[in-house]
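**Student:** With the hints as extra help, turn the sequences into a complete structure.
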Amino acid sequence: MYNKEIDRKWQKKWEETKLYKFNRDRLDKKLYCLEMFSYPSGANLHVGHWYNFGPTDSWARFKRLQGYEVFQPMGFDAFGLPAENYAIKTGIHPQDSTMKNIETMEKQLREMGAMFDWDYEVITCLPEYYKWTQWMFLQLYKAGLAYRKEAPVNWCPSCQTVLANEQVIDNHCERCESEVTKKNLIQWFFKITAYAEELLEKLDKLDWPEKTKKIQRNWIGKSEGAEIEFRIENTDITFRVFTTRPDTLCGVTYMVLAPEHEIVDKITTDEYRSSVEEYKEFAKKQSEIERLSTVKEKTGVFTGAYAIHPITGERVPIWIADYVLATYGTGCVMAVPAHDERDYEFAVKFNLPIVRVIDSADGSDAPLPYVEYGVLVNSGKYNGLDSATAKKAIVEQLAKEGKGEFKVNYRLRDWLVSRQRYWGAPIPIIYCEHCGIVPVPEKDLPVLLPYDVEFTPDGESPLKKCSEFINTTCPQCGKPAKRDADTLDTFVCSSWYYLRYPDNKNDKEPFDKEWINKMLPVDMYVGGAEHAAMHLLYARFFTKALRDMGYLEFDEPFLSLRHQGVILGPDGNKMSKSKGNVISPDSYINEYGSDVFRMYLMFGFAYEEGGPWNDDGIKAVARFLNRVERIVERVKELRGSKGKTEMSAPEKELNYERNRAIKEVEKDTEEFHFNTAIARIMELLNALYKYDQETEDKNVGFFEEVVADLLRILSPFAPHFAEEVWEQLGYEYSIFNQRWPKWDPNALVRDEVEIAIQINGKVKTRIMVPSAADDKELEDIALSNEEVKELTKGMQIQKVIVVKGRLINIVAK
RNA sequence: GCCGGAGUGGCGGAACUGGCAGACGCACAGGACUUAAAAUCCUGGGGUCUCUAAAAAGACCGUACCGGUUCGAUUCCGGUCUCCGGCACCA
Numbered sequence: 143m144y145n146k147e148i149d150r151k152w153q154k155k156w157e158e159t160k161l162y163k164f165n166r167d168r169l170d171k172k173l174y175c176l177e178m179f180s181y182p183s184g185a186n187l188h189v190g191h192w193y194n195f196g197p198t199d200s201w202a203r204f205k206r207l208q209g210y211e212v213f214q215p216m217g218f219d220a221f222g223l224p225a226e227n228y229a230i231k232t233g234i235h236p237q238d239s240t241m242k243n244i245e246t247m248e249k250q251l252r253e254m255g256a257m258f259d260w261d262y263e264v265i266t267c268l269p270e271y272y273k274w275t276q277w278m279f280l281q282l283y284k285a286g287l288a289y290r291k292e293a294p295v296n297w298c299p300s301c302q303t304v305l306a307n308e309q310v311i312d313n314h315c316e317r318c319e320s321e322v323t324k325k326n327l328i329q330w331f332f333k334i335t336a337y338a339e340e341l342l343e344k345l346d347k348l349d350w351p352e353k354t355k356k357i358q359r360n361w362i363g364k365s366e367g368a369e370i371e372f373r374i375e376n377t378d379i380t381f382r383v384f385t386t387r388p389d390t391l392c393g394v395t396y397m398v399l400a401p402e403h404e405i406v407d408k409i410t411t412d413e414y415r416s417s418v419e420e421y422k423e424f425a426k427k428q429s430e431i432e433r434l435s436t437v438k439e440k441t442g443v444f445t446g447a448y449a450i451h452p453i454t455g456e457r458v459p460i461w462i463a464d465y466v467l468a469t470y471g472t473g474c475v476m477a478v479p480a481h482d483e484r485d486y487e488f489a490v491k492f493n494l495p496i497v498r499v500i501d502s503a504d505g506s507d508a509p510l511p512y513v514e515y516g517v518l519v520n521s522g523k524y525n526g527l528d529s530a531t532a533k534k535a536i537v538e539q540l541a542k543e544g545k546g547e548f549k550v551n552y553r554l555r556d557w558l559v560s561r562q563r564y565w566g567a568p569i570p571i572i573y574c575e576h577c578g579i580v581p582v583p584e585k586d587l588p589v590l591l592p593y594d595v596e597f598t599p600d601g602e603s604p605l606k607k608c609s610e611f612i613n614t615t616c617p618q619c620g621k622p623a624k625r626d627a628d629t630l631d632t633f634v635c636s637s638w639y640y641l642r643y644p645d646n647k648n649d650k651e652p653f654d655k656e657w658i659n660k661m662l663p664v665d666m667y668v669g670g671a672e673h674a675a676m677h678l679l680y681a682r683f684f685t686k687a688l689r690d691m692g693y694l695e696f697d698e699p700f701l702s703l704r705h706q707g708v709i710l711g712p713d714g715n716k717m718s719k720s721k722g723n724v725i726s727p728d729s730y731i732n733e734y735g736s737d738v739f740r741m742y743l744m745f746g747f748a749y750e751e752g753g754p755w756n757d758d759g760i761k762a763v764a765r766f767l768n769r770v771e772r773i774v775e776r777v778k779e780l781r782g783s784k785g786k787t788e789m790s791a792p793e794k795e796l797n798y799e800r801n802r803a804i805k806e807v808e809k810d811t812e813e814f815h816f817n818t819a820i821a822r823i824m825e826l827l828n829a830l831y832k833y834d835q836e837t838e839d840k841n842v843g844f845f846e847e848v849v850a851d852l853l854r855i856l857s858p859f860a861p862h863f864a865e866e867v868w869e870q871l872g873y874e875y876s877i878f879n880q881r882w883p884k885w886d887p888n889a890l891v892r893d894e895v896e897i898a899i900q901i902n903g904k905v906k907t908r909i910m911v912p913s914a915a916d917d918k919e920l921e922d923i924a925l926s927n928e929e930v931k932e933l934t935k936g937m938q939i940q941k942v943i944v945v946k947g948r949l950i951n952i953v954a955k
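Using the numbering used here, read the first sequence as starting at 143 and increasing by one per residue.
Hints are not guaranteed to be accurate.
Stated by the list, open to error - Taking lysine to aspartate or glutamate and the EDC-like style, the derived pairs with C-alpha atoms no more than 16 Å apart in a straight line are:
{"hint": "1", "residue 1": "K273", "residue 2": "D586"}
{"hint": "2", "residue 1": "K660", "residue 2": "E698"}
{"hint": "3", "residue 1": "K549", "residue 2": "E538"}
{"hint": "4", "residue 1": "K784", "residue 2": "D839"}
{"hint": "5", "residue 1": "K794", "residue 2": "E751"}
{"hint": "6", "residue 1": "K353", "residue 2": "D839"}
{"hint": "7", "residue 1": "K249", "residue 2": "D259"}
{"hint": "8", "residue 1": "K884", "residue 2": "D839"}
To be verified - Here are the simulated distance ranges between beta carbons:
{"hint": "9", "residue 1": "R415", "residue 2": "D528", "range": "42 to 48 Å"}
{"hint": "10", "residue 1": "M143", "residue 2": "E596", "range": "38 to 44 Å"}
{"hint": "11", "residue 1": "D886", "residue 2": "E929", "range": "45 to 51 Å"}
{"hint": "12", "residue 1": "E596", "residue 2": "R166", "range": "44 to 50 Å"}
{"hint": "13", "residue 1": "T818", "residue 2": "K356", "range": "23 to 29 Å"}
These are computed hints drawn from the structure, not numbers from a lab. Ideal Cβ placement from N, Cα and C applies to all residues, glycine included.
**Tutor:** Structure (structure tokens):
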């Protein structure tokens, strides 16, 4: 009877025999299977951990049986806000709570019975790890990919602290629910935008869910258009606008600058200065919520200035309005109210002229604003051209005159990595009055995070108040200097951990270049879909940057990616303490054992979908394993008896089921379709029971062979259980040193198959036919069949469609 | 608003490339074993209707909805609705 004791027995044996230790000599067979590492929380493992790690481990075990040398490490993303918030609440130091949590989580992960090789564990909050996180920062800095600038950050006025983006939910603080505002601070950024094009273009080659690629494409937001230069009337001042519709250039009736745009002050005439100032104030004060509201009416003011149209030479009034974003493109737009909804709305409100320059291609009377492509009108020599041709013609003309060019813009922004928080990796930078920004020399790494720090939130970086940390000497001139008081976003830590795992004990460098280029990229990466735009993009950026610095020889960190779905509470809502719908795996595991629990997770849900929790089926899985155990008992009973040795009809039938199961389970497991894989194993078991019950004169040896194959294909899904019954049968330890059985195509060919007979597309009857029969023979068999003759009596047969092995459709009137 | 993904029995979910819809389970019902229960085993099953004492048999409708292509559509095409996810004044 399978239970928790059996789990423990085999976990111990696996550990003692070092069964899952990665063998470096089999590098040619390596398969790097990685689950997203987790945050060490105080609670026990939740269903989400099991749902991520259990099935992925089954996949990895399947690969092991196929002969791969699986590298499956585990670690902890240990820096981050929850520990710090917990400390603020309870006074328990983040380091103490985190390390304690890691200990209990490690224990539970071991009890899960996955193949994790703990020799390669990585914990991001330990100096031996974050030393190299800091080293990464310095390399990016040296490469010009890390820079400092002033930027608005999320600020919670109640908690008096900066919040990370992920802490802001619908513009409200995750902790106290007060509304988040913006505050300007000087921050460090990583220049991820330098890789925008490659990040976009290389997605095509990745074996990732299309949904995830879509999210990344969306996030990167490539937009092809042109930059066009306008001159301010009566001055030498020029400015450029970005547009995707240069074909509508002649429809420009006004210009709009973002209120923050730098030339606003220069061009505003005295007459309009006070209203412009007033509007700028107004725009600054608006909360994010108001600014993002789509129902909001457009606002703006005239600057008094005019621009000269680069083609027509006409005067065009220049306005400022907050519907133009300072952070995208050039921070200003040419307004074409006839062919842009926003410009149209603005023009109507402020009574600005609207000039149609595009007619619909089919000449229909399309109402304004007309935003589709079409044919140019009111555009001088460009009249009659279609939009695509006109775009090219107009930009080429402007380019000749030095007034424009084709241009690509991206929505992607640089990655803000500074955090005004304690529990993270200190930014390895020193500020010297004489030498300016000085990176900490690599030999001085790590910049240790001090233990005794006041980290109550009061709007200042906690490290600022720690004088022994903050005060240092300049590595260049030796004079007193100050350290950067901020810490790095924890996404920095997780952007390179997969590079550290295979060489986690290296204290000379983050990783050995030669070794890591053999172990990477990760072959299979599994984790939640919520990381689509953040972690997965950042990690790709790191890989590309390190490649260009000469450390890596591959372009992408994760060749294949799968997302597990989300297991919701029984009420269909996301599990949360406040909703009281949290399901804990523990009681199930105590009652049924870890194999039953993980197998139920695989069987009861479509892996990539997830769904509301419901334990109706968990007993079914337990019952299934009991049935397997009984068939194993049967094998032992039958061993003494004589039985026959030839393969007659029942054996052939059982052999068919066996080979079909092997084939299908192989295919389904490969694709993470665990539910159907397990269903196929159940079918094989049913076939074994049928054979046992219905066949008097058994081929005992064959029967045992089939049971052994069943155990082999079952073992990835129920590892402890399979190991146990494998032993009961007296087979050699371990079942995980067995090979995945090969299925025989010949066994899948049956002498006779049942096919459906349709008349006019409707199934009327089914007949048995020799599987070797060709189309003509099948047609003859069908038409000479008595039942078919009866059914088609008095009808004229017009056509017979034969689909081999499936059906015959008789078209008759 | 825009862009994705999804919608299949009472339930979880299957269905290759356009070829027998509902695999495998759960729950349910009937039966066997049992003093009884549990466990186990066997059988049944989308819906409506016709015929029938009942069974058997048959007809029609069924993969969100409406229409199309096709010998044949859960699958392809056009339109509509609902749910989930992403983006959201990105010029």
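**Student:** Take the hints in turn and mark each one as holding or not.
**Tutor:** Results for each hint:
Straight-line distance between C-alpha atoms of K273 and D586 comes to about 9 Å, which keeps the hinted pair within the 16 Å bound. A distance of roughly 14 Å separates the Cα atoms of K660 and E698; the hinted pair therefore holds under the 16 Å criterion. Note on K549 and E538: the hinted pairing holds, with a Cα-Cα distance of about 12 Å set against a maximum of 16 Å. Between the alpha carbons of K784 and D839 the distance comes to roughly 9 Å, so the proposed pair stays at or under 16 Å and holds.
Taken as a hint, the K794 and E751 pair is broken in the structure, with Cα atoms around 37 Å apart against an allowance of 16 Å. Note on K353 and D839: the hinted pairing is violated, with a Cα-Cα distance of about 55 Å set against a maximum of 16 Å. Note on K249 and D259: the hinted pairing holds, with a Cα-Cα distance of about 13 Å set against a maximum of 16 Å. Proposed proximity of K884 and D839 is contradicted: the alpha carbons are some 27 Å apart, above 16 Å.
The hinted window of 42 to 48 Å between R415 and D528 holds, with their beta carbons roughly 44 Å apart. Taking 38 to 44 Å as the suggested C-beta distance range, the pair M143 and E596 does not conform, at roughly 56 Å. Between D886 and E929, the C-beta spacing of about 35 Å breaks the proposed range 45 to 51 Å. Distance hint check for E596 and R166: the Cβ-Cβ separation is about 46 Å, which falls inside the suggested range of 44 to 50 Å.
In this structure the hint that T818 and K356 lie 23 to 29 Å apart at CB holds, the actual value being about 26 Å.
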